[in-house]
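A.B. asks: Given these sequences and hints, build the entire structure.
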Amino acid sequence: MKKRFTPATIMTFFVIGLGLVGLNLIHADESVIPRTPDGKPDLQGVWANNSATPLERPEALGDKESLSDEEVASLQQTADTLFNGETDAAFGDEIFNAALAAEDDHESYDPDTGNYNHFWVEKRDFDNRTSLVVDPANGRLPEATEEGKARVMARAKHVREHPADSYTDRSNSDRCISYGVPFLQAGYNGYFQIVQNPDHVVILQEMIHEARIVPLDGRPHLDGISQYTGDTRGRWEGDTLVLETKNFSPKIHFRAGRGEGAGISHENLNLTERYSLIDSDTLQWALTISDPTTWSADWTAVVRMKRSAEPIFEYACHEGNYSMEGILAGHREQEAAVGGGAGE
Amino acid sequence: MIAFRTFLKSLVPLILIISAPFAGAHHAFSAEFDGDAPVELRGKVTRLQWINPHAWIHIAAENGDGETVEWMIEGGTPNALMRSGINRKSLTVGTEIVVQGYQSRDKRCRPACKANGRDMTFPDGRKLFMGSSGTGAPSDGADPNE
Numbered sequence: 001m002k003k004r005f006t007p008a009t010i011m012t013f014f015v016i017g018l019g020l021v022g023l024n025l026i027h028a029d030e031s032v033i034p035r036t037p038d039g040k041p042d043l044q045g046v047w048a049n050n051s052a053t054p055l056e057r058p059e060a061l062g063d064k065e066s067l068s069d070e071e072v073a074s075l076q077q078t079a080d081t082l083f084n085g086e087t088d089a090a091f092g093d094e095i096f097n098a099a100l101a102a103e104d105d106h107e108s109y110d111p112d113t114g115n116y117n118h119f120w121v122e123k124r125d126f127d128n129r130t131s132l133v134v135d136p137a138n139g140r141l142p143e144a145t146e147e148g149k150a151r152v153m154a155r156a157k158h159v160r161e162h163p164a165d166s167y168t169d170r171s172n173s174d175r176c177i178s179y180g181v182p183f184l185q186a187g188y189n190g191y192f193q194i195v196q197n198p199d200h201v202v203i204l205q206e207m208i209h210e211a212r213i214v215p216l217d218g219r220p221h222l223d224g225i226s227q228y229t230g231d232t233r234g235r236w237e238g239d240t241l242v243l244e245t246k247n248f249s250p251k252i253h254f255r256a257g258r259g260e261g262a263g264i265s266h267e268n269l270n271l272t273e274r275y276s277l278i279d280s281d282t283l284q285w286a287l288t289i290s291d292p293t294t295w296s297a298d299w300t301a302v303v304r305m306k307r308s309a310e311p312i313f314e315y316a317c318h319e320g321n322y323s324m325e326g327i328l329a330g331h332r333e334q335e336a337a338v339g340g341g342a343g344e
Numbered sequence: 001m002i003a004f005r006t007f008l009k010s011l012v013p014l015i016l017i018i019s020a021p022f023a024g025a026h027h028a029f030s031a032e033f034d035g036d037a038p039v040e041l042r043g044k045v046t047r048l049q050w051i052n053p054h055a056w057i058h059i060a061a062e063n064g065d066g067e068t069v070e071w072m073i074e075g076g077t078p079n080a081l082m083r084s085g086i087n088r089k090s091l092t093v094g095t096e097i098v099v100q101g102y103q104s105r106d107k108r109c110r111p112a113c114k115a116n117g118r119d120m121t122f123p124d125g126r127k128l129f130m131g132s133s134g135t136g137a138p139s140d141g142a143d144p145n146e
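Heads up: the sequence lines are chains Z and X, in that order. Numbering (the working numbering) for the first sequence: 1 to 344. Numbering (the working numbering) for the second sequence: 1 to 146.
The set of hints was computed from the structure by calculation and includes no laboratory data. Hints are not guaranteed to be accurate.
[Stated by the list, open to error] Below, simulated BS3-like cross-link-like pairs (lysine-lysine); rule was C-alpha separation at most 30 Å, straight line:
1. X/K44 x Z/K123
2. X/K44 x Z/K306
3. X/K107 x Z/K157
4. X/K89 x Z/K123
Owing to the predicted nature of the structure, the values given are computational and were not obtained by experimental measurement.
C.D. replies: The following block contains the structure:
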């Protein structure tokens with residue numbers, strides 16, 4: 001039977017289309033993206049997330065969704081001048097906020113000892129966007145729930161009271177266990193390698209060499225098993241690779257937001273990722289975070305990654321983590337000094 | 001353009017209030033190093049550990065008594081520099097450098113004294129790994145000596 005598009009169907013597509021435009025999603029010219037022999041978009045390669053766009057739109061920018069080309073050039077110039085190696089390294093949203101504030105110098109979030117020089121981290125790219133968050137439309141995260149905020153406060157309290165009693169008091173990243181999924185931090189090993197065949201897609205995350213091997217055959221999620229990187233299942237929706245991840249371990253957390261308004265999500269996180277090529281050298285990564293115990297509404301962020309000619313480098317974290325010994329030994333010495341001991 | 005810069009300057013107080021870090025380095029340096037123990041070290045590189053999560057540069061620095069003391073200086077992840085063509089061969093053993101930073105909270109100096117590399121330069125003030133001659137780093141044209 002020949003399929004017919006009724007007015008209602010056409011209207012539905014139109015509304016969906018408007019919604020995608022509202023979410024700031026861009027779709028490629030289908031004729032220019034590379035494809036695998038089975039006709040799927042070929043996402044394979046190394047992709048770099050070095051964008052300077054902050055997760056949330058700075059309140060100072062109000063409802064300004066995009067910057068003019070002149071404004072982008074001005075911010076890039078300010079950042080290039082400021083972060084010329086003289087300053088502390090700047091991470092995450094610090095770059096955009098420092099350029100927006102037209103800082104003359106940059107002091108990191110760790111003012112007691114400073115940080116290492118900025119030449120250790122990647123050069124960041126400014127574009128016209130003012131936030132990665134595209135839903136809610138104001139570019140800012142929905143309010144965290146009381147439960148989500150309470151997790152942040154509880155973690156902060158624990159860190160204050162037990163900064164380094166044991167290695168178990170340190171974060172999963174300090175311990176070289178995992179940076180978790182999704183890893184949104186740009187400019188600091190924000191590189192991903194994708195390998196695919198008709199049955200599976202593999203996403204290798206440089207930080208800290210996490211590899212997700214994702215089946216595309218429709219099999220159900222794991223039952224009763226949780227993992228640090230969750231449990232991911234994938235499918236193609238047209239030219240978009242859709243990955244759904246759940247079953248995160250309660251030992252890992254995903255944190256987003258500012259200060260006391262931040263939320264920490266654990267095992268209740270449901271992550272939906274949509275990967276699509278904008279052109280052969282630009283991969284759009286849209287991710288929707290759903291956890292009603294942590295945020296009052298679902299939210300979506302869109303990251304645009306650039307193809308990298310450089311490989312993923314090994315991040316053999318545990319083997320070289322002299323810092324853990326230094327942190328623990330330093331705190332033991334401080335305790336001994338307070339108690340009058342010898343510091344051994 | 002000038003109007004936009006003026007607009008940005010007017011936002012500084014507001015931005016400083018709301019700008020909280022979304023992310024950071026592998027670990028906070030203040031967890032490992034003592035903000036009350038600043039050091040300035042000058043010495044020759046004896047070893048370069050181009051490893052994650054942080055690179056370590058070993059130097060033999062003279063203390064005020066004319067003695068040579070081994071120091072390990074903590075830097076950042078080497079991955080970003082490797083993508084710029086800078087590797088562990090880019091800073092050769094024997095090169096003299098100057099380090100400003102803070103000594104570790106643990107001051108036992110075993111197997112060596114430790115400090116963070118808050119600021120690392122050549123004796124003439126040029127930054128390490130910033131296109132300076134002698135490092136093997138790509139030239140950025142900023143150094144007239146290159």
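A.B. asks: All hints, please: hold or fail.
C.D. replies: Going through the hints against the structure:
1. X/K44 x Z/K123: holds, 29 Å
2. X/K44 x Z/K306: violated, 39 Å
3. X/K107 x Z/K157: holds, 28 Å
4. X/K89 x Z/K123: holds, 22 Å
Consistency note: the structure conflicts with earlier hint 2 alone.
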